[in-house]
Each structure stands twice: as structure tokens, then as C-alpha cells.
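A.B. asks: Sequence:
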Amino acid sequence: MAKLSRALIVGLVAGLALAGCGAGGASSTPIRSMPAMSSGDAMSLDQQFIDMMVPHHQSAVAMAEVALKRGEHAEIKALATDIISAQTDEISQLREWRKIWFGSDQTPGMNAMPMLPGMAMPGMDMPGGSMGSTMDMTKDVAKLKDATPFDKAFIEAMTEHHRTAIAAASIAEAQATKPEIKALAGQIIAAQQGEIDKMAAWLANWY
Numbered sequence: 009m010a011k012l013s014r015a016l017i018v019g020l021v022a023g024l025a026l027a028g029c030g031a032g033g034a035s036s037t038p039i040r041s042m043p044a045m046s047s048g049d050a051m052s053l054d055q056q057f058i059d060m061m062v063p064h065h066q067s068a069v070a071m072a073e074v075a076l077k078r079g080e081h082a083e084i085k086a087l088a089t090d091i092i093s094a095q096t097d098e099i100s101q102l103r104e105w106r107k108i109w110f111g112s113d114q115t116p117g118m119n120a121m122p123m124l125p126g127m128a129m130p131g132m133d134m135p136g137g138s139m140g141s142t143m144d145m146t147k148d149v150a151k152l153k154d155a156t157p158f159d160k161a162f163i164e165a166m167t168e169h170h171r172t173a174i175a176a177a178s179i180a181e182a183q184a185t186k187p188e189i190k191a192l193a194g195q196i197i198a199a200q201q202g203e204i205d206k207m208a209a210w211l212a213n214w215y
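In terms of this note's numbering, the sequence shown opens at residue 9 and continues consecutively.
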């Protein structure tokens, strides 16, 4: 009887442990107190968006810094200043959220920026979707350093850069679980579409 009781106890403990593991994905823990994900958990779209947008913003800042030195029109230099200010602030905010929600503020580098699942951009060869795909954003920065005429090259490069951000932000706005991510995604779409429209007018007027 003692042996049977011990066996039942062991079985009950194992069953409770398994049940606890299975319930992890359906937790209703408030956003602000959500624990860091373990290595075995699937990465949430919120974390994927942060991991993409931080290096994407970093490359925009690097491109804008080149424009501050090489820009030919005052409008380009003013836009570059705005991009550096706005996107540096957003990088800090995204990293703060990543630390709070996922236990670390570390994100991939510009040379291996991960794409969001389902992203499809013109010119991207991603059969079956972009899951696991990365982009080397340092190439965009390198091309601008010797581009001529500079302002035309900057407008074309930054327009495509912004379109990628808008594509990612559109997915996040629709699918993210954190209201903070949804709100930031909406801000990115509005701000960067406005800059695309502004650059399109400059391109038509200047070139």
C-alpha cells in the first residue's frame, strides 16, 4: 500500500507539472508584468517587431548622419536631423520595452536585420514568405557614402527604407498584442508616409 501511495503521489506531481507547462501559452498575465520568454517559447510578434525595427531605425540614423555631411539642399539636412532625433528616441523606447517584456534589450545588428513573418517587399526574393529571412542594412549606408548626386540617391534610398518600415509597422499594427507596439506602429506609418510624400515632391522639383 505504501508503494502504491508513493506511485500515486509521483504521478500526481508529474501530471501537475505537465499541466503547468501546457497552460503557459494561455496566460492572461498583464502586459507590464509579463515574464521573460524562455528559450523554448515561440517569439511573439511584438518581440519580432522590436528586433526588426531597432536595427532598421539604426540604419536610418546612419544614413541620415551621412546626409548631414553630404546633403546638398537645406531640406535634406533638416529631414536628416528630424530622422536622427525621432528614430533615436524610438530605438530607446523599443529597447526599454524589450527589457521589460522579454528580459533583455539586446537586438540583432544592422547586418542581420530579421524580417517579420509575411512581409513581402518589391525586389525581395523570399519564396514562401520572409520567416527566417534577414537583410544587411549596412549596404544601404555604404552606398550613400559615395553616391552622386547625393540628394537624389538619399531620397531614393530613404524612400525604400521607409516603405520597408511601413510594411512592418502595418503588420504590427494589425497583429501585435501590446497596445504600446500598436500605437507606435501607427505613428511610424503616419510619420514615414508623410516623409515619403515630402521626398517625392523634392525629387520631382529638383530632378
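A portion of the hints provided could be inaccurate.
[As the list claims (entries may be wrong)] Once the Cα atoms are required to be at most 30 angstroms apart in a straight line, the calculated BS3-like pairs of lysine-lysine come out as: (1) LYS190 with LYS206; (2) LYS85 with LYS206; (3) LYS107 with LYS190; (4) LYS153 with LYS85; (5) LYS77 with LYS151; (6) LYS151 with LYS206; (7) LYS206 with LYS147; (8) LYS85 with LYS147; (9) LYS160 with LYS107; (10) LYS206 with LYS77; (11) LYS153 with LYS206; (12) LYS77 with LYS153; (13) LYS147 with LYS160; (14) LYS107 with LYS186; (15) LYS160 with LYS77; (16) LYS107 with LYS77; (17) LYS85 with LYS186.
Calculated from the structure, these hints are not laboratory results.
A.B. asks: Each hint should be assessed against the structure and marked as holding or not.
C.D. replies: Now for the hints, and whether the structure bears them out:
1. LYS190 with LYS206: 25 angstroms, holds
2. LYS85 with LYS206: 13 angstroms, holds
3. LYS107 with LYS190: Given pair LYS107, LYS190 holds - Cα atoms ~18 angstroms apart, limit 30 angstroms.
4. LYS153 with LYS85: 15 angstroms, holds
5. LYS77 with LYS151: It holds: about 15 angstroms lies between the C-alpha atoms, which stays within 30 angstroms.
6. LYS151 with LYS206: 22 angstroms, holds
7. LYS206 with LYS147: 24 angstroms, holds
8. LYS85 with LYS147: OK: LYS85 and LYS147 at ~21 angstroms, within 30 angstroms.
9. LYS160 with LYS107: Roughly 38 angstroms between the alpha carbons, so the hint for LYS160 and LYS107 is violated.
10. LYS206 with LYS77: 21 angstroms, holds
11. LYS153 with LYS206: 23 angstroms, holds
12. LYS77 with LYS153: 10 angstroms, holds
13. LYS147 with LYS160: Given that 30 angstroms is the threshold and the Cα spacing comes to 17 angstroms, the pair holds.
14. LYS107 with LYS186: Holds. LYS107 to LYS186 sits at ~14 angstroms (cutoff 30 angstroms).
15. LYS160 with LYS77: Distance of about 15 angstroms is within 30 angstroms: holds.
16. LYS107 with LYS77: Outside the cut-off at roughly 34 angstroms; violated.
17. LYS85 with LYS186: 34 angstroms, violated
The earlier numbered hints that this structure contradicts are 9, 16, 17.
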